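*Asks:* Sequence:
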Amino acid sequence: MSAHNTNGLAEFWRSQGAAPDLQLYDVAGHDQALPVYRPDVLETIAKEIDALDEELRALSLDIHDHPELKFEERHAHDALAAFLEKHKWDVQKHYLLETAWVATFVHGAGGRTIGVNSEMDALPGIGHACGHNLIAIAGIAVALALKAAMQKHNIPGKVVLLGTPGEEGGAGKVLLLDKGAYQDMDICLMCHPAPGPKNGASLGSSLALTRLEVEYKGHTAHAALSPWQGQNALDAAVSAYTNVALLRQQLKPTHRVHGVFAGKDWAANIIPDNAQMLWYVRAPTLAEVEEAEPRVRGCFDAAALATGCKVEIAVPSPSVKICDIRQNKALGDTFAQTYRSRTGPIDFIFGINSASTDFGNITYALPSLHPGFSIPTVPDGGNHTPAFTAAAATPEAHQACLEVSKALALTGVRALADDEFFAEVLSTFQEDMKRAKAR
Numbered sequence: 001m002s003a004h005n006t007n008g009l010a011e012f013w014r015s016q017g018a019a020p021d022l023q024l025y026d027v028a029g030h031d032q033a034l035p036v037y038r039p040d041v042l043e044t045i046a047k048e049i050d051a052l053d054e055e056l057r058a059l060s061l062d063i064h065d066h067p068e069l070k071f072e073e074r075h076a077h078d079a080l081a082a083f084l085e086k087h088k089w090d091v092q093k094h095y096l097l098e099t100a101w102v103a104t105f106v107h108g109a110g111g112r113t114i115g116v117n118s119e120m121d122a123l124p125g126i127g128h129a130c131g132h133n134l135i136a137i138a139g140i141a142v143a144l145a146l147k148a149a150m151q152k153h154n155i156p157g158k159v160v161l162l163g164t165p166g167e168e169g170g171a172g173k174v175l176l177l178d179k180g181a182y183q184d185m186d187i188c189l190m191c192h193p194a195p196g197p198k199n200g201a202s203l204g205s206s207l208a209l210t211r212l213e214v215e216y217k218g219h220t221a222h223a224a225l226s227p228w229q230g231q232n233a234l235d236a237a238v239s240a241y242t243n244v245a246l247l248r249q250q251l252k253p254t255h256r257v258h259g260v261f262a263g264k265d266w267a268a269n270i271i272p273d274n275a276q277m278l279w280y281v282r283a284p285t286l287a288e289v290e291e292a293e294p295r296v297r298g299c300f301d302a303a304a305l306a307t308g309c310k311v312e313i314a315v316p317s318p319s320v321k322i323c324d325i326r327q328n329k330a331l332g333d334t335f336a337q338t339y340r341s342r343t344g345p346i347d348f349i350f351g352i353n354s355a356s357t358d359f360g361n362i363t364y365a366l367p368s369l370h371p372g373f374s375i376p377t378v379p380d381g382g383n384h385t386p387a388f389t390a391a392a393a394t395p396e397a398h399q400a401c402l403e404v405s406k407a408l409a410l411t412g413v414r415a416l417a418d419d420e421f422f423a424e425v426l427s428t429f430q431e432d433m434k435r436a437k438a439r
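Residue numbers (our numbering): 1 to 439.
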């Protein structure tokens, strides 16, 4: 990484409160002067994506203007499928899940299969506040650029573009993984927007996650006349919330535990006999989540004991744990070299490091890459805020999306065309899985 880029990144992160002695390192330890893989192919990719600019922009804004919650992405499903049909892809609608879809392209005989993901869902009340409209078109841009490069440079292989619903709380990719949607892919690629340094990209990880549904059952009574006759489920929920707050001091700083509670037919003059809570437990690895989870469950049990209520703790359906992202180093090195040569710096810091994604499970199943890319937003206007919803529709965010798509597409081409490189992709994946299982 050049001194200019390194200093720029350090300046950005110090402005965000990082330590004064913060140091940043090149993703691969390589000299920036190393040549980019196949500049001729990169030129083909860039021309194809640039030619699609206006079409992709219109598609992104269409999805942004029609936000849909998990597994309800019917407008996005139809719009994305229609776009790919127009570009002569073989599209299967309602693929394995109602709002999932898959589009495929094959060139030549044999070759490997490159998987690409497009997300589509929005958030309750704040729309596309995680920028999934950008992720949707990034997947299409990567796939169409791969097609153009394979045709022009006669590279055999297959591209599978998978429309993945329900990322926000639905673990849609895990459901698709269990149903076999990823079984024929040799690698899988996608990207995600976030606030960050100008023109930056990140190859950081994410947090593993489990969800817990907690229900307290008590007994109603008149809150003034005879409160001693009741068991207050709301008190149990409040006590549990406080217990978790006290537990946080003894959890690692990298762990996250957070939740909300609700009830039915509550009134100020009635002792509540019910309360429901939804909690997330997150940590840098799945092993750490499984270590922290029993301690959190103990907070819920203690609240039931203190209030005389009954408690039921369940893992919501789909009953899956979300894994951390394991970025494939070989894929990451190629992506980083390409991105830095055209666009900007690479780091491991921003992106969705302290959030979670169901793509983490895909990275445990096959060699995968999930870079973050920065889009401009206002201070404190990061993911899952109304400000980020607005940011995801800006021309600047759109251009950032296209640039990261170009680097991802070249990474996919190299996995198709370079046998020695693909062997390295497989070996780094196998080595990383050994490390993950050893923890």
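If you're looking for bench data, these hints aren't it; they were derived computationally from the structure. Fair warning: there could be bad hints in the mix.
[Stated by the list, open to error] Straight-line distance between alpha carbons at most 16 Å, and here's what the computed EDC-like set of lysine to aspartate or glutamate pairs gives:
| # | residue 1 | residue 2 |
| --- | --- | --- |
| 1 | K329 | E420 |
| 2 | K152 | E312 |
| 3 | K86 | E55 |
| 4 | K198 | E396 |
| 5 | K147 | D40 |
| 6 | K329 | D432 |
| 7 | K252 | E288 |
| 8 | K47 | E420 |
| 9 | K217 | E312 |
[Stated by the list, open to error] Distance ranges between label pairs, derived from CB positions:
| # | residue 1 | residue 2 | range |
| --- | --- | --- | --- |
| 10 | P35 | Q276 | 53 to 63 Å |
| 11 | P124 | G381 | 14 to 24 Å |
| 12 | G381 | G298 | 32 to 42 Å |
| 13 | S354 | R295 | 13 to 23 Å |
Note that the structure is predicted; figures quoted are calculated from it, not measured. All C-beta atoms in this analysis are idealised placements derived from N, C-alpha and C, irrespective of residue type, glycine included.
*Asks:* Work down the list of hints and note, for each, if the structure agrees.
*Replies:* Right, here's what the structure says about each hint:
{"no.": "1", "hint": "K329 / E420", "result": "holds, 15 Å"}
{"no.": "2", "hint": "K152 / E312", "result": "violated, 59 Å"}
{"no.": "3", "hint": "K86 / E55", "result": "holds, 11 Å"}
{"no.": "4", "hint": "K198 / E396", "result": "holds, 10 Å"}
{"no.": "5", "hint": "K147 / D40", "result": "holds, 15 Å"}
{"no.": "6", "hint": "K329 / D432", "result": "holds, 9 Å"}
{"no.": "7", "hint": "K252 / E288", "result": "holds, 10 Å"}
{"no.": "8", "hint": "K47 / E420", "result": "violated, 27 Å"}
{"no.": "9", "hint": "K217 / E312", "result": "holds, 8 Å"}
{"no.": "10", "hint": "P35 / Q276: 53 to 63 Å", "result": "holds, 58 Å"}
{"no.": "11", "hint": "P124 / G381: 14 to 24 Å", "result": "holds, 18 Å"}
{"no.": "12", "hint": "G381 / G298: 32 to 42 Å", "result": "holds, 37 Å"}
{"no.": "13", "hint": "S354 / R295: 13 to 23 Å", "result": "holds, 20 Å"}
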